[in-house]
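Engineer: Use the sequences and the hints to build the structure in full.
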Amino acid sequence: MNFKSYLLIALCLSAQSQITAQNVPEESLEEVVVTDSRFKLKRENSGKTVIKISQQEIENNQGRTISELINTKSGIEINGSRSNAGQNLGVYVRGGRNRQVLVLIDGIQVNDPSQISGGYDFRLLNLNQIESIEIIKGASSTLYGSGAATAVVNIFTKAANAKKISAVFSSSLGTNQTESDQNYNIADFVNSVAVSGTLNKFTYRAAFNNQFSDGLSAAISDTNEKDAFSKYGIDLYLVYKFSSAFSLNFYGNHTDSKSDIDGFDLNFNLVDTADEFNSSQSRVGLSSQFKYNKGSLNLNAAFSEYDRAFVSNFPSLYTSKNLMFDVYNKYVFDDTFYTIIGLNVIENDATFANDETFSVTDPYANFVYVSDFGFHMNAGLRLNNHNAYGSHFIYNLNPSFTLKSNAGYTKFFGSYSTSFITPSLSHLYGDFGANPNLQPEENLTIEAGIEFKLNSNFRVSGLFFTREEKNTVLWINGGYLNAADELNAKGVELELNATPIEKLSIEANYTFVEYKEALARRIPRHKANVQFGYEVSNTTFTSLSYQYTHERFENSFVPLLESFSVLNFYISHTALKSKVTFFGGLDNILNESYEDVPGYSTKGRNVRLGFNLTL
Numbered sequence: 001m002n003f004k005s006y007l008l009i010a011l012c013l014s015a016q017s018q019i020t021a022q023n024v025p026e027e028s029l030e031e032v033v034v035t036d037s038r039f040k041l042k043r044e045n046s047g048k049t050v051i052k053i054s055q056q057e058i059e060n061n062q063g064r065t066i067s068e069l070i071n072t073k074s075g076i077e078i079n080g081s082r083s084n085a086g087q088n089l090g091v092y093v094r095g096g097r098n099r100q101v102l103v104l105i106d107g108i109q110v111n112d113p114s115q116i117s118g119g120y121d122f123r124l125l126n127l128n129q130i131e132s133i134e135i136i137k138g139a140s141s142t143l144y145g146s147g148a149a150t151a152v153v154n155i156f157t158k159a160a161n162a163k164k165i166s167a168v169f170s171s172s173l174g175t176n177q178t179e180s181d182q183n184y185n186i187a188d189f190v191n192s193v194a195v196s197g198t199l200n201k202f203t204y205r206a207a208f209n210n211q212f213s214d215g216l217s218a219a220i221s222d223t224n225e226k227d228a229f230s231k232y233g234i235d236l237y238l239v240y241k242f243s244s245a246f247s248l249n250f251y252g253n254h255t256d257s258k259s260d261i262d263g264f265d266l267n268f269n270l271v272d273t274a275d276e277f278n279s280s281q282s283r284v285g286l287s288s289q290f291k292y293n294k295g296s297l298n299l300n301a302a303f304s305e306y307d308r309a310f311v312s313n314f315p316s317l318y319t320s321k322n323l324m325f326d327v328y329n330k331y332v333f334d335d336t337f338y339t340i341i342g343l344n345v346i347e348n349d350a351t352f353a354n355d356e357t358f359s360v361t362d363p364y365a366n367f368v369y370v371s372d373f374g375f376h377m378n379a380g381l382r383l384n385n386h387n388a389y390g391s392h393f394i395y396n397l398n399p400s401f402t403l404k405s406n407a408g409y410t411k412f413f414g415s416y417s418t419s420f421i422t423p424s425l426s427h428l429y430g431d432f433g434a435n436p437n438l439q440p441e442e443n444l445t446i447e448a449g450i451e452f453k454l455n456s457n458f459r460v461s462g463l464f465f466t467r468e469e470k471n472t473v474l475w476i477n478g479g480y481l482n483a484a485d486e487l488n489a490k491g492v493e494l495e496l497n498a499t500p501i502e503k504l505s506i507e508a509n510y511t512f513v514e515y516k517e518a519l520a521r522r523i524p525r526h527k528a529n530v531q532f533g534y535e536v537s538n539t540t541f542t543s544l545s546y547q548y549t550h551e552r553f554e555n556s557f558v559p560l561l562e563s564f565s566v567l568n569f570y571i572s573h574t575a576l577k578s579k580v581t582f583f584g585g586l587d588n589i590l591n592e593s594y595e596d597v598p599g600y601s602t603k604g605r606n607v608r609l610g611f612n613l614t615l
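Note that the sequence shown covers residues 1 to 615 in the working numbering.
A few of these clues could be false.
Computed list of lysine-lysine pairs in DSS-like fashion (alpha-carbon distance at most 25 Å, straight line) [unchecked claim]:
| no. | residue 1 | residue 2 |
| --- | --- | --- |
| 1 | K294 | K40 |
| 2 | K294 | K201 |
| 3 | K577 | K158 |
Restraint-style ranges between C-beta atoms, simulated for each label pair [stated by the list, open to error]:
| no. | residue 1 | residue 2 | range |
| --- | --- | --- | --- |
| 4 | L238 | E468 | 44 to 54 Å |
| 5 | V271 | N555 | 13 to 23 Å |
| 6 | K404 | D355 | 48 to 58 Å |
Bear in mind the hints are in silico, worked out from the structure with no lab data behind them.
Beta carbons are placed, not taken as given, at the ideal position from N, Cα and C, and that holds for glycine.
Structural biologist: As structure tokens, this is what we get:
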């Protein structure tokens, strides 16, 4: 760890020591979380340390991507988020990989079944489309299915405006350059427009967004050949409220993207090439809710289609479809006992040499008990019924105990959760290294922690986790195989949110992950984030953020990727009665040189300016 790392961490610790109970009276509402139980529960009654990215935090990070924002949270590393815009993203949570992280958009699963990783491409969604994000780490498979082994990322999009018609325009431009090529040419453009409104019982929202990025080569090279990335997306949301008890939601979206990528020559050397990656995604769905006395009947259904094409010396074309159906009944017996009973049906189809299909039919149940003396329990069970792998029973026990005080609370919590992850269709039938004899992965996650809150000024939490994994699917000698040995990951996560003085906010976190080195590819052993935010006035906000990423193991040819630190600055100003907001950012202020993915470029010092206009 270098001097800059020590300095910033010291500043954080110093700030912590200054926090007192009498700084600012509590004015904010009780924080409510949803994702860990599907019920709106006070944070103090949840048995998890849920990471909630609020609308305010999103507004204070305008111009950044979803992956950049999520990458600042504890326990998470997103490789490629600091690279060329067309770079594939690797999402690692507690040593787990993309396909062990389930992504939901408005409660709908959006993971791509044709990808080896089975993950969702965060590049397809703009941050200004999002109302809030909740992240739950640890196994949540009983409530959300087999992909939720290490985390669930639940993204809530913006709702329609209460006016008959309202429009929001957003635009930003910036540089896109490496540490060694500081030319400050404008090379990155992001634009969006959204129109929404409410007409009696009918609400609507339509949005369009596009991005064009150039100026940065995907692969590190002497020529720095520019690799462009372009994307456009359209979204439509329609809601009709038949009565106070029944509503029907329809949505549809389509996204196209094109990436100039660098690949391998005929001798398998990474070089500047004229390769391309083209992606198209379409999704339609509906959701409905019928409320009755003490409960509600809920339905989510969606159909998604994905087309991906690689244009290179090794061309490939992938088409996949996904059908999801989730119906569940929520019932509240009283203020202490909440239940969910549901059925989740998923069918994944992907085309390789032949059409291949997986289907699952999972009945599940979840129970939440909230006592008036501090003890709480979140428990669930699910029966995975897979057409190829048969039936597997998984369960979750998540107790917690809260000691309340006049100023806040102290919460002790733990969990014991199992999960079941089938190999992807690409693992079994894909073009490279497929193995139809692979067995499903099985996970056991145990965690224990404590959370302390003092008014709205101070919250700190810490937890220990351990995860045991059997039958891990690995790439070995040119093909996919199940690991012979059980793999273990363990670690510690610390989080701090504080307001030591009026208008000054501090958010800090630290993650330690210990994993078998030969398998801990691109996973930092230590990672820390610190952000200082300051409200200069009622209309002006500034922040200074710092991220330290420890050295990471890559492979026997590239044993270690060196540690690095990144320092960022952000400022925003609201004018014209809050109708327009101007924002700007300076990323990687110290122009740090580092590698995120071996052989591929990363961003040096970059500048971004933009505005949001509401009519």
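Engineer: Indicate, hint by hint, whether the structure satisfies it.
Structural biologist: Hint by hint, here is what the structure shows:
1. K294 / K40: Holds. K294 to K40 sits at ~14 Å (cutoff 25 Å).
2. K294 / K201: 23 Å, holds
3. K577 / K158: 21 Å, holds
4. L238 / E468: 44 to 54 Å: About 45 Å separates the Cβ atoms of L238 and E468, which means 44 to 54 Å holds.
5. V271 / N555: 13 to 23 Å: 19 Å, holds
6. K404 / D355: 48 to 58 Å: 57 Å, holds
Violated hints: none; the structure is consistent with every hint.
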